[in-house]
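K.L.:
Protein chains in written order, with this note's numbering: chain A, 1 to 110; chain B, 111 to 223.
Don't read these hints as lab results, they were simulated from the structure.
Incorrect hints may have been included.
Calculated pairs, SDA-like style, for lysine to any residue (alpha carbon to alpha carbon, straight line, at most 25 Å) [as the list claims (entries may be wrong)]:
1) A/Lys-22 x B/Glu-211
2) B/Lys-136 x A/Leu-47
3) A/Lys-22 x A/Gln-42
4) A/Lys-57 x B/Asn-189
5) A/Lys-57 x B/Lys-136
To list a few chain B residues with every Cβ distance to chain A over 12 Å, as calculated [to be verified]:
6) Ser-117
7) Ile-122
8) Ser-137
9) Gly-138
10) Ser-175
11) Phe-179
12) Pro-180
13) Asn-187
14) Gly-194
15) Ser-196
16) Thr-221
Treat the numbers as computed from the prediction; the structure is a model and nothing was measured.
No residue lacks a Cβ here, since even glycine has one placed at the ideal position from N, Cα and C.
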Amino acid sequence: AQRVTQPEKLLSVFKGAPVELKCNYSYSGSPELFWYVQYSRQRLQLLLRHISRESIKGFTADLNKGETSFHLKKPFAQEEDSAMYYCALGRGSTLGRLYFGRGTQLTVWP
Amino acid sequence: DAGVTQSPTHLIKTRGQQVTLRCSPKSGHDTVSWYQQALGQGPQFIFQYYEEEERQRGNFPDRFSGHQFPNYSSELNVNALLLGDSALYLCASSYRQGTYEQYFGPGTRLTVT
Numbered sequence: 001a002q003r004v005t006q007p008e009k010l011l012s013v014f015k016g017a018p019v020e021l022k023c024n025y026s027y028s029g030s031p032e033l034f035w036y037v038q039y040s041r042q043r044l045q046l047l048l049r050h051i052s053r054e055s056i057k058g059f060t061a062d063l064n065k066g067e068t069s070f071h072l073k074k075p076f077a078q079e080e081d082s083a084m085y086y087c088a089l090g091r092g093s094t095l096g097r098l099y100f101g102r103g104t105q106l107t108v109w110p
Numbered sequence: 111d112a113g114v115t116q117s118p119t120h121l122i123k124t125r126g127q128q129v130t131l132r133c134s135p136k137s138g139h140d141t142v143s144w145y146q147q148a149l150g151q152g153p154q155f156i157f158q159y160y161e162e163e164e165r166q167r168g169n170f171p172d173r174f175s176g177h178q179f180p181n182y183s184s185e186l187n188v189n190a191l192l193l194g195d196s197a198l199y200l201c202a203s204s205y206r207q208g209t210y211e212q213y214f215g216p217g218t219r220l221t222v223t
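Isolated chain A (complex conformation):
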């Protein structure tokens, strides 16, 4: 069975500090991994996906198949990064269906 684990429900850092939001998954096939973000009073939106290997708003995430992880990182956190972050898994056989973790609430203090 597939599962997405985000071990931290809450994460607080100060502005300018590095931040890492952890995500581990269990899936025996070739996964597609995503980070979705929900800012206060906004809807859930896609932040980035592993296949594009891009940096969005200074965030990056590398898929580590050996450790089955897809941690989200940013070297210098900003106050506007405060939001709820969800890691999500897609399987090739279940077209378009996403399996979400429970989310990590990131707070960046000034």
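Starting from the structure of chain A, add chain B where the hints point.
P.N.:
Relative to the frame of chain A, chain B by itself:
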């Protein structure tokens, strides 16, 4: 383009009642997925509609049913409501069935008393 829209915003129902939630996808999208998000949890997949048919279904009972119309809009119906059905119901749309880049609506908050 208003993006994905959902109605109503909030809803309060009594146990045993039935409810219908509505979703209009983003312009140009033809696939609609529904998710249930309980408090403190991530969204959980209910089902997906494409070409007016249910294509995939998550681990939800038959009390949960849906429909997609020719204009790609969709409805989620829940019968015989239980207290545990209280949650935020999210609609997500995408272009083509296998796309993971999904655009979410603001959700409908359902409270069952």
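K.L.:
Against this structure, judge whether each hint is valid.
P.N.:
For each hint, the structure was consulted:
no.	hint	verdict
1	A/Lys-22 x B/Glu-211	holds, 21 Å
2	B/Lys-136 x A/Leu-47	holds, 18 Å
3	A/Lys-22 x A/Gln-42	holds, 23 Å
4	A/Lys-57 x B/Asn-189	violated, 42 Å
5	A/Lys-57 x B/Lys-136	holds, 24 Å
6	Ser-117	holds, 14 Å
7	Ile-122	holds, 21 Å
8	Ser-137	holds, 16 Å
9	Gly-138	holds, 16 Å
10	Ser-175	holds, 18 Å
11	Phe-179	holds, 19 Å
12	Pro-180	holds, 20 Å
13	Asn-187	holds, 20 Å
14	Gly-194	holds, 17 Å
15	Ser-196	holds, 17 Å
16	Thr-221	holds, 19 Å
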